[in-house]
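Let's have the full structure, built from the sequences with the hints guiding it.
Under my numbering, the first residue of the sequence shown carries the number 1, and numbering increases by one thereafter.
Everything labelled a hint here was simulated from the structure, so no lab data went into it. Misleading hints may appear alongside valid ones.
[What the hints assert, rightly or not] Simulated restraints on C-beta separations:
#1 R274 - P246: 36 to 46 Å
#2 P246 - H181: 46 to 56 Å
#3 C282 - R113: 40 to 50 Å
#4 A198 - P249: 28 to 38 Å
#5 P249 - D112: 25 to 35 Å
#6 R272 - A108: 39 to 49 Å
#7 E41 - A124: 12 to 22 Å
#8 E216 - V193: 33 to 43 Å
#9 A213 - G155: 41 to 51 Å
#10 G199 - R221: 37 to 47 Å
We treat Cβ as the ideally placed atom computed from N, Cα and C, and that holds for glycine.
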Amino acid sequence: MPNAQPVNSPPVVVAHQQIILCADDFGLSREVNDGIIRLAESGRLSAVSCLTTAEFFEQQAGKLADLPIDRGLHLNLTEPLAGNAFCQPLTRLIRNAWTRRLAVGLLAREVDRQLDAFEVACGAPPDYIDGHQHVHQFPTIRECLIERLQRRYPGYRPWLRCTRPARLHPEMDWPSQLKAHVIGKLGARRLKVLADAAGYATNTRLLGVYGLAGGEQRYARLLAGWLACAAGGDLLMCHPAAAATPGDPLGEQRWAEYRALADDRLPSMLARHRLAIGRPLCPRQV
1 MPNAQPVNSP
11 PVVVAHQQII
21 LCADDFGLSR
31 EVNDGIIRLA
41 ESGRLSAVSC
51 LTTAEFFEQQ
61 AGKLADLPID
71 RGLHLNLTEP
81 LAGNAFCQPL
91 TRLIRNAWTR
101 RLAVGLLARE
111 VDRQLDAFEV
121 ACGAPPDYID
131 GHQHVHQFPT
141 IRECLIERLQ
151 RRYPGYRPWL
161 RCTRPARLHP
171 EMDWPSQLKA
181 HVIGKLGARR
191 LKVLADAAGY
201 ATNTRLLGVY
211 GLAGGEQRYA
221 RLLAGWLACA
231 AGGDLLMCHP
241 AAAATPGDPL
251 GEQRWAEYRA
261 LADDRLPSML
271 ARHRLAIGRP
281 LCPRQV
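And the structure:
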């Protein structure tokens with residue numbers, strides 16, 4: 001006769017997979033900072049990437065200290081902020097990186113300067129590193145970044161953001177899919193090779209790429225699609241703000257993202273796909 005199951009056998013419980021939900025651009029404005037802090041306080045974020053040369057970083061960095069998040073350096077080489085010594089438009093930076101025409105000494109000093117600012121404001125090295133407009137993965141920059149990290153922190157390995165695109169939901173619009181794949185082609189594979197060789201952990205895949213437009217309803221649909229495709233170790237980036245910052249061309253969309261991420265339906269969306277917002281990566285001690 002077939003094997004009988006115990007009458008009172010416990011149900012099978014499938015553990016939720018942890019994904020990183022990371023907010024970029026902390027320090028850019030008070031509105032951005034307020035939105036990020038509110039979302040982190042309510043458990044809607046697990047990582048915050050900081051623009052250390054931005055006007056509102058140092059004065060509010062302390063508010064991140066007691067939150068259950070990873071704090072990272074959002075390496076900026078393209079945004080013309082007042083504190084930048086090295087800044088190039090993205091298209092020029094891409095061209096100069098691929099033709100190996102970046103001044104390595106100047107680049108190294110800028111990486112150190114932004115790491116210095118992070119340590120002064122946060123009292124510790126960053127838990128991870130990524131790049132504003134993903135510049136950390138470009139040729140010359142990725143090698144310089146890892147070299148500086150090894151010199152500064154010989155026994156410590158912050159994790160690095162990998163931009164390898166996730167399998168996207170069939171309903172995702174093709175411009176967003178194309179943008180995600182272009183970003184990945186700009187250095188994801190090579191950065192992963194270098195990170196592995198040097199002992200730096202990376203997230204598995206990147207979600208959250210789109211045209212940064214369309215309002216709250218469109219972002220909510222995109223968010224649902226990203227969560228449907230997400231798996232443990234993936235990183236979903238976002239750019240929220242508690243209100244639109246005057247003069248910020250992305251201000252209204254940042255506010256739209258905030259409203260979607262603060263929506264009461266987000267926990268049930270995560271549960272539906274057996275996901276949890278967490279911190280599956282950690283810096284390595286060597």
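Cβ distance range 39 to 49 Å for R272 and A108, holds or violated:
holds (46 Å)
Just to be sure I understand the hint, the distance between the Cβ atoms of A213 and G155 should be within 41 to 51 Å; is that true here?
holds (44 Å)
Starting from the hint 12 to 22 Å, judge whether the C-beta atoms of E41 and A124 obey it.
This hint holds: roughly 20 Å between Cβ atoms.
Using the beta carbons of G199 and R221, state whether their distance is inside 37 to 47 Å or not.
Holds, since G199 and R221 (Cβ atoms, about 39 Å apart) stay within the stated range.
Evaluate the given range 40 to 50 Å for the C-beta pair formed by C282 and R113.
Given a distance of about 26 Å, which is not inside 40 to 50 Å, the answer is violated.
Taking the beta carbons of E216 and V193, is their distance inside 33 to 43 Å?
Roughly 39 Å apart at Cβ, these two residues keep to the hinted range, so it holds.
Note whether the CB distance of P246 and H181 lies within 46 to 56 Å or breaks it.
violated (34 Å)
Could one say that the CB atoms of P249 and D112 fall in the range 25 to 35 Å?
holds (30 Å)
With 36 to 46 Å as the target window, see if R274 and P246 comply at their CB atoms.
Holds, at about 41 Å.
Is it true that A198 and P249 lie within 28 to 38 Å of each other by Cβ?
Cβ of A198 to Cβ of P249: about 37 Å, so the range 28 to 38 Å holds.
Comparing the model with each numbered hint stated earlier shows that hints 2 and 3 do not hold.
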